[in-house]
Amino acid sequence: MENSEIILLNINGEDKQGLTAALTEILAKHGAFILDIGQSDIHRNLSLGILFKSMHNNSGDILKDLLFKAYEMDVNIRFTPITVERYSNWVNMQGKNRYIITLLGRILTAKQIAAVSRIIAEQNLNIDN
Numbered sequence: 001m002e003n004s005e006i007i008l009l010n011i012n013g014e015d016k017q018g019l020t021a022a023l024t025e026i027l028a029k030h031g032a033f034i035l036d037i038g039q040s041d042i043h044r045n046l047s048l049g050i051l052f053k054s055m056h057n058n059s060g061d062i063l064k065d066l067l068f069k070a071y072e073m074d075v076n077i078r079f080t081p082i083t084v085e086r087y088s089n090w091v092n093m094q095g096k097n098r099y100i101i102t103l104l105g106r107i108l109t110a111k112q113i114a115a116v117s118r119i120i121a122e123q124n125l126n127i128d129n
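Numbers 1 to 129, taken from the numbering used here, label the letters of the sequence shown in order.
I should point out that these hints are in silico values taken from the structure, not numbers from a laboratory.
Backbone N, C-alpha and C define an ideal beta-carbon position, used for all residues, glycine too.
Mixed in with the good hints there might be a few duds.
Here are the in silico distance ranges between beta carbons for each label pair [what the hints assert, rightly or not]:
hint : residue 1 : residue 2 : range
1    : Met55     : Ile101    : 35 to 45 Å
2    : Gln39     : Ser4      : 49 to 59 Å
3    : Asn12     : Asn89     : 19 to 29 Å
4    : Arg86     : Ser40     : 15 to 25 Å
5    : Ala114    : Asn3      : 40 to 50 Å
6    : Arg44     : Tyr71     : 14 to 24 Å
7    : Gln17     : Lys64     : 18 to 28 Å
8    : Asp41     : Thr80     : 16 to 26 Å
9    : Ile101    : Asn57     : 40 to 50 Å
10   : Lys111    : Gly31     : 44 to 54 Å
11   : Leu103    : Thr83     : 32 to 42 Å
12   : Leu125    : Glu14     : 27 to 37 Å
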């Protein structure tokens, strides 16, 4: 990994058809490797995260192309470099126990979600997805 750079890409804005395809096509064009991807869409508001690895000598070109595409598609984009140490710690955590908590109800109040979230935090757990 010494010849590579790891970058976390965060995109948010109005969800548009073909947005993920357009961004990942740019990554593909530059030979990047996608290490993780996740998204949430709430009332057509997209929050998309892509963790990718690129070669040092082409990360500037990738970021420039992504920035232009984000402008063209009218979404916000943010780039965060990730250290090899931070990435390795994340990879090592992937084998840890995971738990699923399901809340059922016709309407969930903020008070109910706050109570469950507080209990989760008190157990030193974190909500991932």
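Results of checking the hints against the structure:
1. Roughly 40 Å separates the CB atoms of Met55 and Ile101, a value that falls within the hinted 35 to 45 Å.
2. In this structure, Gln39 and Ser4 break the distance hint of 49 to 59 Å, their C-beta atoms being roughly 24 Å apart.
3. Roughly 25 Å separates the CB atoms of Asn12 and Asn89, a value that falls within the hinted 19 to 29 Å.
4. In this structure the supplied range 15 to 25 Å holds for Arg86 paired with Ser40, their Cβ-Cβ distance being about 22 Å.
5. Taken as a hint, the range 40 to 50 Å holds for the pair Ala114 and Asn3, whose Cβ atoms sit roughly 46 Å apart.
6. Distance hint check for Arg44 and Tyr71: the Cβ-Cβ separation is about 20 Å, which falls inside the suggested range of 14 to 24 Å.
7. In this structure the supplied range 18 to 28 Å holds for Gln17 paired with Lys64, their Cβ-Cβ distance being about 24 Å.
8. Evaluation of the 16 to 26 Å hint for Asp41 and Thr80 yields a pass: the beta carbon distance comes to about 21 Å.
9. About 45 Å separates the C-beta atoms of Ile101 and Asn57, a value consistent with the hinted range of 40 to 50 Å.
10. Distance hint for Lys111 and Gly31: a CB-CB separation of about 49 Å, consistent with the stated range 44 to 54 Å.
11. As the Cβ distance of Leu103 to Thr83 is approximately 36 Å, the hint placing it in 32 to 42 Å holds.
12. The supplied range of 27 to 37 Å is met by Leu125 and Glu14, whose beta-carbon atoms lie about 33 Å from each other.
In the structure shown, a violation is registered for the earlier hint numbered 2 alone.
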